[in-house]
Structure formats: C-alpha cells, structure tokens
Amino acid sequence: MLLEKILDGSAPAGGSLSIDALARELEVSPTPIREALAQLEHTGLVSRVALKGYRVAPLMSQSELEELFDMRMVLELAAAERAAPSAATLLPDLRRAHAEHRLAAETVQELRQHGTEPHGFADLRAYFEADWGFHLAFFRASGNRFLLRTCESLGSHVQRLRQTANRGVLDMEEALEEHGRILTAFETGGTHDVVHAVREHLQAVTRRATADNEVLRKSPEEPAAR
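Take the sequence shown: its position 90, counted from the start at 1, is 92 in the working numbering, and no numbers get skipped.
No wet-lab data here; the hints were simulated from the structure. Built from N, CA and C at the ideal position, the CB exists for glycine as well. Watch out, some of these pointers could steer you wrong.
Said to hold, decoys possible - Estimated spans, in silico, between C-beta atoms of each pair:
(1) 28 to 90: 40 to 50 Å
(2) 179 to 79: 12 to 22 Å
(3) 111 to 26: 33 to 43 Å
(4) 90 to 210: 26 to 36 Å
(5) 44 to 189: 30 to 40 Å
(6) 45 to 147: 14 to 24 Å
(7) 189 to 21: 43 to 53 Å
(8) 190 to 116: 32 to 42 Å
(9) 190 to 27: 49 to 59 Å
(10) 93 to 27: 42 to 52 Å
Produce the entire structure from the sequences given, and follow the hints as far as they go.
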C-alpha cells in the first residue's frame with residue numbers, strides 16, 4: 003500500500019511520511035508501517051532523515067537517469083547476447099510475456115477510453131510488472147544466475163523511475179511495438195539482430211523517460227501531456 007501511494011503520487015516525491023498519520027489512514031499499528039518504511043528505504047524509494055523521520059525520495063535527477071539506463075544497457079545487452087543462442091527454448095516464455103504485457107496495456111487503455119484513469123495504482127502496477135516481466139524472460143534465458151540476480155536488484159530503481167510514469171508520458175504503445183521487434187529478432191534473427199533490437203528499445207525508453215522527467219521538473223504541480 004505504501005509503494006502504491008508513492009508510485010501514484012498521493013505520497014509526492016520529496017514529501018514527508020508520518021508513521022502515525024499513515025497508521026491511522028491504513029488502520030494498522032505504527033509497527034508494520036515502520037517496518038515497511040525500513041524495507042522501502044533499502045530500495046531508495048524513501049529515505050530516513052535524522053530527527054525528521056522518513057521522506058519520499060525526490061524524482062530521479064538527470065544524472066541518475068543516465069546512470070540507471072547506462073547500467074540497464076550493459077546488463078540487458080549482455081543478457082540478450084547470451085539468451086539468443088537459446089531462442090528456441092526461450093520463445094514460449096517470451097511470447098507469453100509479450101501477450102501478458104499487451105493484455106495489461108489494453109486494460110489501462112480501456113479505462114482511459116471510458117474517461118477514467120486507472121483506479122489507484124493497481125492497473126498501472128500490473129502493466130509495469132508485465133513490462134518488466136518481458137525483460138526478465140531473456141535474463142532468465144541468459145544462463146547466468148548472477149546476471150539475473152543483478153537484474154532483479156535493479157527492480158527497485160526502475161520503480162523509482164516509475165514515480166513519474168502515472169503523471170507523465172505512459173509509453174505503452176511504443177513499448178509494445180519495441181518489445182514486438184525484440185520478439186521478432188529472437189524468432190527470426192541472429193544474435194546481432196537481438197542485441198540491436200534491445201539496444202534500440204533501451205535508447206528509446208531513455209529518451210522518453212528523460213523528456214518526461216524534464217517536463218515534471220518544470221511543472222511539478224500539473225500533469226504532463228499524455
């Protein structure tokens with residue numbers, strides 16, 4: 003529940019988090035709130051300030067974004083290169099992950115077509131998990147358990163990036179199209195084609211995330227155009 007409050011913006015970036023107030027709001031004792039905040043602190047989504055309590059992490063800076071995507075580029079290209087020779091084994095899982103991503107996107111799009119935003123963060127969270135699940139599929143096929151574990155550790159930092167997503171540009175159509183190209187590369191291409199498709203996707207995501215972050219920093223009180 004605290005994660006969703008952070009990611010849907012109801013606990014805004016940089017804002018304070020009162021343990022007592024959250025306990026009253028969520029109708030629990032302060033102890034599980036304190037424990038949950040301690041766990042979130044390890045992800046970087048919240049920070050603890052001496053004598054002041056917990057605060058939501060600010061939006062990622064430009065340099066942090068660049069470093070995160072640089073790290074993703076290193077890891078994901080390495081995973082894609084190692085997974086490509088096992089494409090025949092990987093394809094069922096990758097196709098399933100792509101179908102789940104598409105279904106989650108359609109759910110969000112249907113809500114918006116009816117003039118509503120996704121309720122709470124549940125629908126967007128399902129979409130984001132399906133999106134990340136596509137990437138995890140070829141990490142699992144890389145045959146390197148340490149590469150997979152490192153990728154999984156990036157999940158919390160990707161969540162930080164997504165602090166902006168519900169208020170900025172949600173690039174569902176672009177991401178689905180780019181994932182489709184990656185899937186096609188695994189189906190019909192060689193290692194070079196797979197790595198090229200993953201690289202192009204990450205470069206495009208970097209451009210979109212950077213533009214979105216700049217818009218939010220210039221106008222933090224108003225939603226960015228979708």
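### Query
Which numbered hints does this structure break?
none
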